[in-house]
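Protein chains in written order, with the working numbering: chain A, 1 to 374; chain B, 1 to 374; chain C, 1 to 374; chain D, 1 to 374.
Treat the hints as calculated values from the structure; they're not laboratory data.
Within a straight-line C-alpha distance of at most 20 Å, the following computed EDC-like cross-link-like pairs (lysine to aspartate or glutamate) qualify:
hint	chain 1	residue 1	chain 2	residue 2
1	A	Lys270	B	Glu319
2	C	Lys308	D	Glu262
3	B	Lys308	A	Glu262
Listed below, chain by chain, are the residues.
4 protein chains.
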Amino acid sequence: MSSSFGTIFRVATFGESHGLGVGAVVDGCPPRISLSEADIQQQLDRRRPGQSDLTTPRQEYDEVTILSGVENGRTLGTPIALFVANKDQRTSDYKNLLPVPRPSHADYTYQMKYGVRATGGGGRASARETIGRVAAGAIAAKILKKTYNIEIVAWVSVVGSIEAPELYPGTINHKLVDRTAVRCPDMEAAEKMAEEIRRAKKELDSVGGIISCICRNVPPGLGEPVFDKMEAKLARAMLSIPATKGFEIGSGFAGTRMRGSEHNDPFVLKGDHLGTITNNSGGVQGGISNGEPIFFRVAFKPTSTIGKPQMTADFSGQEVVLEASGRHDPCVVPRAVPIVESMAALVIADLALRQKLNGKAFCRHCLTGGKEIV
Amino acid sequence: MSSSFGTIFRVATFGESHGLGVGAVVDGCPPRISLSEADIQQQLDRRRPGQSDLTTPRQEYDEVTILSGVENGRTLGTPIALFVANKDQRTSDYKNLLPVPRPSHADYTYQMKYGVRATGGGGRASARETIGRVAAGAIAAKILKKTYNIEIVAWVSVVGSIEAPELYPGTINHKLVDRTAVRCPDMEAAEKMAEEIRRAKKELDSVGGIISCICRNVPPGLGEPVFDKMEAKLARAMLSIPATKGFEIGSGFAGTRMRGSEHNDPFVLKGDHLGTITNNSGGVQGGISNGEPIFFRVAFKPTSTIGKPQMTADFSGQEVVLEASGRHDPCVVPRAVPIVESMAALVIADLALRQKLNGKAFCRHCLTGGKEIV
Amino acid sequence: MSSSFGTIFRVATFGESHGLGVGAVVDGCPPRISLSEADIQQQLDRRRPGQSDLTTPRQEYDEVTILSGVENGRTLGTPIALFVANKDQRTSDYKNLLPVPRPSHADYTYQMKYGVRATGGGGRASARETIGRVAAGAIAAKILKKTYNIEIVAWVSVVGSIEAPELYPGTINHKLVDRTAVRCPDMEAAEKMAEEIRRAKKELDSVGGIISCICRNVPPGLGEPVFDKMEAKLARAMLSIPATKGFEIGSGFAGTRMRGSEHNDPFVLKGDHLGTITNNSGGVQGGISNGEPIFFRVAFKPTSTIGKPQMTADFSGQEVVLEASGRHDPCVVPRAVPIVESMAALVIADLALRQKLNGKAFCRHCLTGGKEIV
Amino acid sequence: MSSSFGTIFRVATFGESHGLGVGAVVDGCPPRISLSEADIQQQLDRRRPGQSDLTTPRQEYDEVTILSGVENGRTLGTPIALFVANKDQRTSDYKNLLPVPRPSHADYTYQMKYGVRATGGGGRASARETIGRVAAGAIAAKILKKTYNIEIVAWVSVVGSIEAPELYPGTINHKLVDRTAVRCPDMEAAEKMAEEIRRAKKELDSVGGIISCICRNVPPGLGEPVFDKMEAKLARAMLSIPATKGFEIGSGFAGTRMRGSEHNDPFVLKGDHLGTITNNSGGVQGGISNGEPIFFRVAFKPTSTIGKPQMTADFSGQEVVLEASGRHDPCVVPRAVPIVESMAALVIADLALRQKLNGKAFCRHCLTGGKEIV
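Make the full structure from the sequences, and use the hints.
Following this line, the structure appears as structure tokens:
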């Protein structure tokens with residue numbers, strides 16, 4: 001059941017990197033939502049390999065088919081099965097089983113866990129697994145946009161040692177992000193980042209980075225107390241993406257150096273509702289959205305598949321030099337931007353549906369001082 | 001269902017800060033485990049208020065009672081209900097309902113979510129809620145210690161601007177951690193941290209910090225692919241603790257600046273099994289433990305309840321100056337150490353039980369090159 | 001996790017028959033519902049032993065305490081913990097461990113499953129376990145009554161060979177049911193049933209029976225397709241009650257003998273909505289409520305604890321004669337009536353909450369021929 | 001999430017009757033199990049339409065493809081996606097939306113629930129939905145056979161008023177069941193049943209029936225206390241099959257008429273373990289298997305789609321005469337036999353995996369009187 005995500009808006013993904021294909025089943029999507037393959041394809045296209053010289057040269061078009069749950073362009077309330085055929089299937093064959101576990105890959109751990117592993121590429125540990133997430137996330141994002149006008153925008157804020165200047169995240173949108181292949185909205189930083197990636201690529205090496213994400217217009221009240229806090233669900237979602245090593249929300253690690261009197265976000269009347277002056281909380285208090293933008297950052301390690309020769313050991317413990325010959329991304333963050341957005345959409349859509357169960361959701365009765373309303 | 005955690009070793013917590021009490025029900029604990037209240041009490045005592053001048057002066061003894069699931073000192077395989085009575089109950093009364101939502105607290109968001117909130121203290125958003133986690137986590141830790149000799153040790157590595165020197169985490173144990181009230185094993189840093197906390201306290205302010213945690217002797221193979229990766233479960237667990245803002249595993253955010261050739265952990269024969277030379281992965285690859293120590297860090301913001309006057313707004317939007325009069329911790333990290341350990345224990349115990357389902361778990365057949373073994 | 005029930009309105013029970021007590025935690029109860037111990041106590045009183053000469057003479061008052069989740073008489077949206085202390089605790093002691101597994105009891109199977117079992121009485125397999133269900137079910141029933149005016153009424157329709165005449169179930173209510181100790185609303189049949197039970201009791205034997213249940217005013221649309229059909233959830237709920245052996249809905253087993261042309265329930269206009277002329281479906285079609293009363297029956301075997309000597313074998317396989325000395329019910333059905341109602345309430349409350357997720361629930365747009373309404 | 005079933009061995013089905021296809025994803029199948037499409041196809045072939053003159057004349061070959069989770073003929077431990085294309089797709093079109101809700105069908109209730117419904121056939125309420133269950137169930141059955149030698153055999157024991165003589169169920173196997181198209185192992189009864197079905201068919205009517213099922217070699221200890229009792233899980237599984245109205249285990253409804261002294265199953269030494277002399281319990285005690293055969297029966301109503309004209313109302317409440325023109329089964333039980341077996345296999349496989357979590361499962365230490373063994 002580890003390939004399932006969500007409580008109400010529930011996604012189950014399947015598929016190995018070199019099998020017949022990959023996909024997802026979404027169980028819990030509300031009925032009567034207008035939906036077509038085109039809604040999903042646009043995010044898959046942002047994720048696919050071969051978009052620029054910064055990514056792997058492999059060309060995979062990743063065309064999605066909706067197998068069920070949609071008729072006459074609208075959802076039926078029944079499970080939506082999504083499928084993307086693999087173009088690069090291999091005849092499965094033990095000859096493809098790599099004798100050397102790639103350092104910092106999942107070859108060794110899958111073998112230890114299951115006593116067997118997929119012969120070609122990474123199997124379920126491959127980045128192709130994220131196709132199902134992006135497809136399902138596009139549906140979630142559409143619902144959030146239509147129902148609450150929620151906008152989720154992620155971008156590359158760090159590549160290696162190159163950091164984009166702090167931007168007021170209120171101005172960033174998909175168009176600005178997609179202006180550059182590296183997906184950093186600051187043109188100057190983007191150019192340096194691209195340079196950094198090309199340099200790593202030339203050296204047959206790889207480089208890490210950070211993706212920032214903002215979710216605007218999230219109504220207050222989303223997120224469940226205790227274990228299903230908004231930030232807990234987001235953290236799990238982000239750390240489930242391959243190659244991630246860290247997550248922080250609002251002030252994050254830097255906030256640990258602040259005093260409470262600086263860090264607290266004072267309330268203030270904004271139009272007809274309460275807002276906060278600062279947003280060190282990153283849009284959540286006690287695990288529940290407060291109406292301010294949700295802001296978080298995700299750390300990605302440098303790609304573990306590199307062309308550069310590496311000293312390591314094979315399964316029998318013998319020292320060997322490993323030289324990867326496959327085509328790989330020298331930096332995952334440009335293509336991971338839609339994955340981060342998709343996982344955020346899955347989290348928020350699930351929590352938005354759960355909040356429906358509390359009755360008069362998103363009401364503004366707080367302004368009446370908490371009087372009984374039912 | 002947001003107060004439940006875990007798939008197999010499943011914990012449900014309950015209780016408000018000023019109601020009759022708090023507790024937890026553990027469903028899925030294996031039978032025939034020796035267990036008594038004393039096993040649980042020792043971790044609760046590390047969490048309780050009033051331990052030193054660095055914490056709140058409130059004295060709460062938090063004595064646990066096992067209500068079910070244990071007989072003649074061993075578990076029955078049935079749900080274990082745990083209860084800790086609140087000493088500081090208040091007659092519930094609307095007069096206790098604060099008219100001003102405390103900045104960066106959950107008062108506002110609970111009210112927006114539910115249209116009602118607990119009148120005294122933080123209700124479920126209070127730190128008292130973590131008592132159930134610590135009680136359940138103590139059971140998980142006992143099972144892990146007995147079955148796999150797993151040791152989970154957390155400590156305070158940063159308070160405000162004071163950072164403990166990088167220690168080889170292999171040497172840290174509970175005894176070293178508990179030598180100082182601040183729970184930093186480095187005596188010099190501990191002294192400076194205590195000073196920092198006392199300074200904040202004197203200024204009626206608060207300060208944040210970072211807790212580091214290491215899990216030793218975790219066998220390879222724990223963690224489930226895709227959404228239930230070890231690091232994803234840990235991240236969710238940690239970000240569900242009140243006042244947390246960040247999580248990183250292994251190289252974390254710093255690792256984003258490294259090249260793949262530096263970051264990759266090469267394999268090497270260690271005795272009769274494969275290990276890695278470095279541990280930038282933090283003990284996990286592809287979401288599954290690789291046998292190396294699991295190492296992660298958690299960021300805590302400065303306590304939001306402060307005595308210092310704060311300009312903010314009440315529920316009606318009127319500007320007010322808020323001065324908290326309650327007794328509070330000027331820094332949460334010393335008392336959060338057992339909470340971090342408990343949540344880690346809950347995650348690992350659950351994943352260890354799940355791995356039993358794969359049959360010959362933890363075998364070393366990988367060294368035979370992946371031959372079929374069943 | 002086997003002691004949990006429900007998806008949204010989720011109940012977890014705990015407690016052994018001879019430990020400190022039994023209880024339940026309800027996670028998922030909506031906020032702002034008025035609730036007190038008295039709402040729960042009345043159903044517990046209908047379940048308790050010692051009500052009449054037809055039940056066990058043991059007197060257990062089973063007084064419930066709400067430990068959390070309710071303040072100032074209304075629910076907070078947080079987990080509601082409920083506790084009933086056991087009056088009849090025994091010092092746990094291996095001397096209480098019965099050397100002979102009682103025939104058709106759970107002694108043998110618990111021992112085989114867990115390698116350990118509760119020493120006194122039935123542990124979790126005791127009927128005391130149902131206290132938690134009845135307590136939680138009373139909350140569910142209150143919500144259903146208040147929100148949808150749903151009425152759930154169960155009664156004894158068969159005891160041994162005595163069958164109540166088919167009554168129009170529309171006329172049966174709690175008051176009529178509770179007129180007699182046997183809980184059969186037909187006075188003549190009730191008298192014969194009581195006689196049958198007294199006869200079995202006198203012979204140190206026991207007798208089985210059938211409980212019928214009707215749920216009125218259930219709106220159409222409750223029940224989820226495929227695996228969470230209304231009847232599937234009810235069947236699981238009922239077969240989870242100790243001593244049950246069968247479940248049937250609507251026409252049930254008798255319906256297998258009918259032709260489709262007789263069995264089908266034709267639609268007809270009833271006021272402003274569609275209803276059906278007959279109700280062989282028992283209020284569900286395709287697993288979803290259709291607005292007609294939900295009607296089902298549950299078979300209970302004769303109590304397995306009997307005073308009459310029984311030839312059987314001990315754990316070592318030696319033949320022995322077993323004579324139970326405890327006080328027991330000669331027939332479980334009179335006291336099982338509130339248990340059946342409670343389980344039905346838990347099922348329907350959970351499905352009613354789930355239906356909120358589909359948007360404009362319970363609308364009557366079907367009369368418009370299925371036009372898009374969103 | 002209502003299209004998912006099981007806790008550990010978890011199946012999610014998808015697909016409408018007239019969309020691109022139907023299928024299932026199995027998440028939680030152990031690794032290293034030998035598996036091919038042929039293992040699954042044989043049960044699908046027993047379920048498919050057009051097998052004889054007793055079923056619908058529609059010819060659907062229902063060829064299964066394994067999309068993921070299997071490589072080189074063995075399972076990887078990752079999700080197994082299964083797909084069966086629909087041969088009988090229709091261009092989805094509002095013209096196919098029936099204006100009259102078919103009596104005792106799900107047309108009305110789906111419309112009320114979702115405000116939309118599939119235009120062709122029954123959508124998710126169609127019997128085609130069971131293809132995913134049968135495919136997944138075949139995998140479960142294979143594991144159970146290989147690991148525990150568990151055999152699950154279902155057969156038709158009643159059609160309309162024709163009842164097969166009580167057979168000693170120990171002698172029934174798949175071969176005997178499949179000797180006749182009606183799937184009753186008693187040749188004489190089978191002939192009469194076939195006659196009954198042909199008569200109903202000729203009269204453009206339909207007829208109901210009962211399927212009996214036995215599960216042999218189930219080890220003791222399977223089934224979880226309280227809500228996940230073996231019989232509760234089986235009841236839910238069976239009542240989730242379209243057209244079912246009842247479930248009984250062991251003595252079932254007839255057992256309610258017995259005295260406890262007759263009904264109790266005395267223990268006796270059978271070889272080296274305890275067994276019972278009679279099996280009124282149907283192989284379960286307290287919800288847990290006792291090592292005796294599990295025996296249950298499932299009631300199926302007469303097919304609701306009939307050719308005979310029916311007086312009913314359309315969605316607007318207007319009286320109409322409905323004459324179904326489609327090709328349908330006059331009796332569902334012959335084709336439902338593999339569905340019942342599949343659902344039983346899913347239940348038992350899930351519970352068998354869960355029992356692994358209790359450590360030394362299926363040991364016979366009970367014979368030692370319950371001494372501590374760990």
